[in-house]
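**Student:** Residue strings, one per chain:
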Amino acid sequence: METMEPVIGLEIHAQLNTRTKLFCACPTEFGAVPNTNVCEVCTGQPGALPRMNGKALELAAKAGLALGSAVNRESLFSRKNYFYPDLPNGFQTSQLDPPICQGGSLTLELGDGTEKTVRLNRIHMEDDAGKCLHDEKRGLSLVDLNRAGTPLIEIVTEPDLSSASEAVNFLKKLHALLVRLGVTKGRMEEGEFRCDVNISLKPKGSPVLGTRAEIKNLNSFKFVGQAIEYEIERQTGVYGRGGSVSQETLHFDSEKGETRSLRSKEEAHDYRYFPQPDLPPVEISGELLARLRETLPPTPEEAKKRLVALGLKPRQAELLLERPGAPEYFHEAHKIDDDAPRIYSLMEELFLPACQKEGLDPSDSLFAPPKLAALAKLLRDGTVGRRKAQELFPDFFAKGSDPSEAVRSGNLSQITDPSELLPMVEKVAGAFEKEAKKFLSGEEKILSFLVGQVMKESRGRACPKTSAELMKNHVKERFAGAAKETV
Amino acid sequence: MPAIDEKTALAIAKLARLDLREGLAPGTEEAELKKLVEEFGKIVGYMDILGEVDTEGVEPLYSPMVEPRPPREDAPFTAAAKDADARGAKGAPGKPESSGDPDASFDPDDPDSSAKEDRARWILDDAPMTFGRYFTVPKVV
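So the sequence lines, in the order shown, correspond to chains U and X.
If you read the first sequence in the working numbering, its first letter stands for residue 62, the second for the next number, and so on.
If you read the second sequence in the working numbering, its first letter stands for residue 5, the second for the next number, and so on.
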């Protein structure tokens with residue numbers, strides 16, 4: 062038998078991060094008491110008219126802009142007709158032609174260091190259905206319409222993926238991007254990001270696609286991977302036995318780890334799409350598109366370049382970009398104090414570990430960027446030493462105090478002024494004459510002991526470097542003659 | 005005129021969850037079905053008049069609405085907004101429909117919530133069959 066290779070395309074549903082539904086002002090909260098967030102529109106009452114949620118439109122367009130799609134200035138909602146108890150209108154309001162976005166792509170880094178660009182076919186808006194519970198005992202289906210009308214985007218890829226790991230890699234990258242953009246909250250356990258997989262096998266190198274099967278509604282990266290692995294094996298087996306794969310819709314049973322047929326091609330839906338007459342065409346203005354484009358965060362590549370241009374090492378930029386909220390925090394602090402390496406090291410050594418410990422997003426910390434910039438300045442001036450900064454930081458971080466303010470009022474600053482340090486140096490040299498003389502006779506290590514005594518005398522505030530210089534000179538001046546005598 | 009044959013009529017009836025044979029006396033089914041298919045064909049044929057209009061070079065019209073309808077603000081219903089709505093004092097297009105606390109929406113656990121406040125309750129009460137706060141239908145799977 063010829064070697065077969067998988068051809069995989071994905072359809073991703075992401076719940077848009079809005080407060081209200083797509084066509085009515087009911088809240089989209091998850092887990093509310095059944096049928097409380099419903100109204101005439103989302104329960105399909107006769108005569109109720111839908112009205113488009115502007116935020117949903119913006120988020121859908123933003124997703125398209127970030128993925129390099131062409132955003133249609135005018136798109137159209139259509140009715141996708143089918144009957145099911147969780148669909149009160151008897152149709153889903155979706156987009157057929159033209160959708161809000163067409164084309165686009167997302168580039169993946171593959172394990173072997175190469176890249177693969179996965180093309181997108183389209184992104185369209187649609188509303189979600191409600192939920193059904195099936196009560197075996199009473200022979201009833203219970204319907205909760207809280208979710209009915211929740212805004213979704215469906216992102217449809219071209220069949221450019223060729224393995225389970227590529228598909229999972231793609232989904233993870235897409236998920237991270239959409240969450241970063243604020244397009245979706247992406248909570249998969251609540252069904253806010255879910256995926257259908259289209260998969261077929263074809264002889265290696267052949268341009269002709271095989272018959273595809275569609276696996277519906279996978280809501281975890283793990284299940285996507287498992288379902289694809291299983292389906293590749295199943296279809297390989299079918300061809301190996303000389304059979305043919307039939308076009309069908311499959312359900313993935315995550316407990317058994319296998320796919321099961323939901324319906325065959327003959328039972329496939331005939332949706333009879335037609336333009337939704339209750340909604341005017343969706344228009345998006347050039348101004349709005351321009352405004353949305355401005356809110357797009359830079360791509361990781363651009364963001365890295367920007368950080369390196371400010372004076373970070375490439376590796377440092379990467380580390381910063383790995384942490385959500387950290388690059389934004391860095392840029393804010395950098396606006397106030399442009400000592401990029403110092404701001405970076407303060408973040409890396411003190412600020413980010415503290416955030417992580419508290420489970421805080423950098424943007425939520427009381428220790429706001431200007432405060433970190435102030436601390437950077439104090440360190441550069443030598444007003445506060447490194448060790449002192451480490452010692453004081455937990456308190457600054459917890460209280461969100463301004464370090465320069467704290468230093469001014471709390472008398473915490475490092476003493477660098479020789480005239481202030483000298484009396485202490487003299488006192489120490491007098492008290493430890495024996496040790497001072499040892500230093501003069503060449504035992505240089507003992508200098509750190511003497512400086513330590515100065516630190517003690519100053520209660521930790523003496524600048525060690527200045528103290529050491531002063532101590533050396535003072536000891537030479539004071540004991541040089543005496544040292545010669547003892548030699 | 006597109007031919008509506010029996011097969012097409014039955015397929016469409018199935019999509020609409022209609023049983024064309026239901027309630028027909030045994031033996032009359034075939035004749036009745038034939039009549040229905042004929043009538044269906046006539047209705048669709050009548051609509052075909054529209055096909056006679058020359059639309060060459062005319063842009064498709066998807067909506068007769070001439071005035072643009074600006075999208076809605078993403079603000080949940082509140083009691084205040086509902087009252088304003090009821091008084092017909094709806095905000096200008098593009099303005100938020102709600103004012104005040106957006107989270108002050110109906111509390112289903114609050115026994116003092118009047119039916120007037122509770123659109124959801126109205127709708128549930130109108131349903132042919134409910135169980136607790138669920139709509140119910142004969143089991144579908």
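Everything labelled a hint here was simulated from the structure, so no lab data went into it.
Just so you know, not all the hints are guaranteed correct.
[What the hints assert, rightly or not] List of simulated lysine-lysine pairs, DSSO-like, C-alpha gap at most 27 Å:
1. U/K192 <-> U/K317
2. U/K326 <-> X/K39
3. U/K246 <-> U/K265
4. U/K192 <-> X/K39
5. U/K498 <-> U/K460
6. U/K498 <-> U/K449
7. U/K374 <-> U/K317
8. U/K141 <-> X/K11
9. U/K141 <-> U/K177
10. X/K18 <-> U/K141
11. U/K449 <-> U/K234
12. U/K283 <-> U/K233
13. U/K198 <-> X/K39
14. U/K192 <-> U/K277
15. U/K495 <-> U/K460
16. U/K499 <-> U/K460
17. X/K143 <-> U/K326
18. U/K141 <-> X/K46
19. U/K277 <-> X/K39
20. U/K449 <-> U/K326
21. U/K365 <-> U/K418
22. U/K495 <-> U/K438
23. X/K143 <-> U/K317
24. U/K449 <-> U/K438
25. X/K18 <-> U/K192
26. U/K192 <-> U/K177
27. U/K374 <-> U/K396
28. U/K438 <-> U/K498
29. U/K177 <-> U/K460
30. U/K517 <-> U/K537
31. U/K177 <-> U/K317
32. X/K11 <-> X/K39
33. U/K396 <-> U/K498
34. X/K46 <-> U/K326
35. X/K143 <-> U/K277
36. U/K177 <-> U/K277
37. X/K143 <-> U/K141
38. U/K246 <-> U/K263
**Student:** Next, verify each hint and record whether it holds.
**Tutor:** Each hint, compared with the structure:
1. U/K192 <-> U/K317: Answer holds: U/K192 to U/K317 is near 24 Å, not above 27 Å.
2. U/K326 <-> X/K39: Given that 27 Å is the threshold and the Cα spacing comes to 31 Å, the pair is violated.
3. U/K246 <-> U/K265: violated, 39 Å
4. U/K192 <-> X/K39: Violated, because 40 Å separates the two Cα atoms, which is more than 27 Å.
5. U/K498 <-> U/K460: At roughly 47 Å apart (the allowed maximum being 27 Å), U/K460 and U/K498 break the hint.
6. U/K498 <-> U/K449: violated, 30 Å
7. U/K374 <-> U/K317: Distance of about 48 Å is beyond 27 Å: violated.
8. U/K141 <-> X/K11: holds, 22 Å
9. U/K141 <-> U/K177: Answer violated: U/K141 to U/K177 is near 34 Å, above 27 Å.
10. X/K18 <-> U/K141: holds, 16 Å
11. U/K449 <-> U/K234: violated, 41 Å
12. U/K283 <-> U/K233: Since the Cα atoms of U/K283 and U/K233 sit roughly 11 Å apart, the hinted pair holds (cutoff 27 Å).
13. U/K198 <-> X/K39: violated, 42 Å
14. U/K192 <-> U/K277: holds, 16 Å
15. U/K495 <-> U/K460: Violated, at roughly 46 Å.
16. U/K499 <-> U/K460: violated, 46 Å
17. X/K143 <-> U/K326: OK: X/K143 and U/K326 at ~24 Å, within 27 Å.
18. U/K141 <-> X/K46: holds, 26 Å
19. U/K277 <-> X/K39: violated, 41 Å
20. U/K449 <-> U/K326: violated, 72 Å
21. U/K365 <-> U/K418: holds, 26 Å
22. U/K495 <-> U/K438: Violated - the C-alpha atoms of U/K438 and U/K495 are around 40 Å apart, more than 27 Å.
23. X/K143 <-> U/K317: holds, 25 Å
24. U/K449 <-> U/K438: holds, 14 Å
25. X/K18 <-> U/K192: holds, 24 Å
26. U/K192 <-> U/K177: The hint is violated at about 37 Å.
27. U/K374 <-> U/K396: holds, 18 Å
28. U/K438 <-> U/K498: Since the Cα atoms of U/K438 and U/K498 sit roughly 39 Å apart, the hinted pair is violated (cutoff 27 Å).
29. U/K177 <-> U/K460: Given that 27 Å is the threshold and the Cα spacing comes to 47 Å, the pair is violated.
30. U/K517 <-> U/K537: holds, 22 Å
31. U/K177 <-> U/K317: Given pair U/K177, U/K317 is violated - Cα atoms ~32 Å apart, limit 27 Å.
32. X/K11 <-> X/K39: holds, 14 Å
33. U/K396 <-> U/K498: Answer violated: U/K396 to U/K498 is near 51 Å, above 27 Å.
34. X/K46 <-> U/K326: violated, 31 Å
35. X/K143 <-> U/K277: holds, 22 Å
36. U/K177 <-> U/K277: Roughly 25 Å separates the two Cα atoms, so the pair holds.
37. X/K143 <-> U/K141: Since the Cα atoms of X/K143 and U/K141 sit roughly 23 Å apart, the hinted pair holds (cutoff 27 Å).
38. U/K246 <-> U/K263: violated, 37 Å
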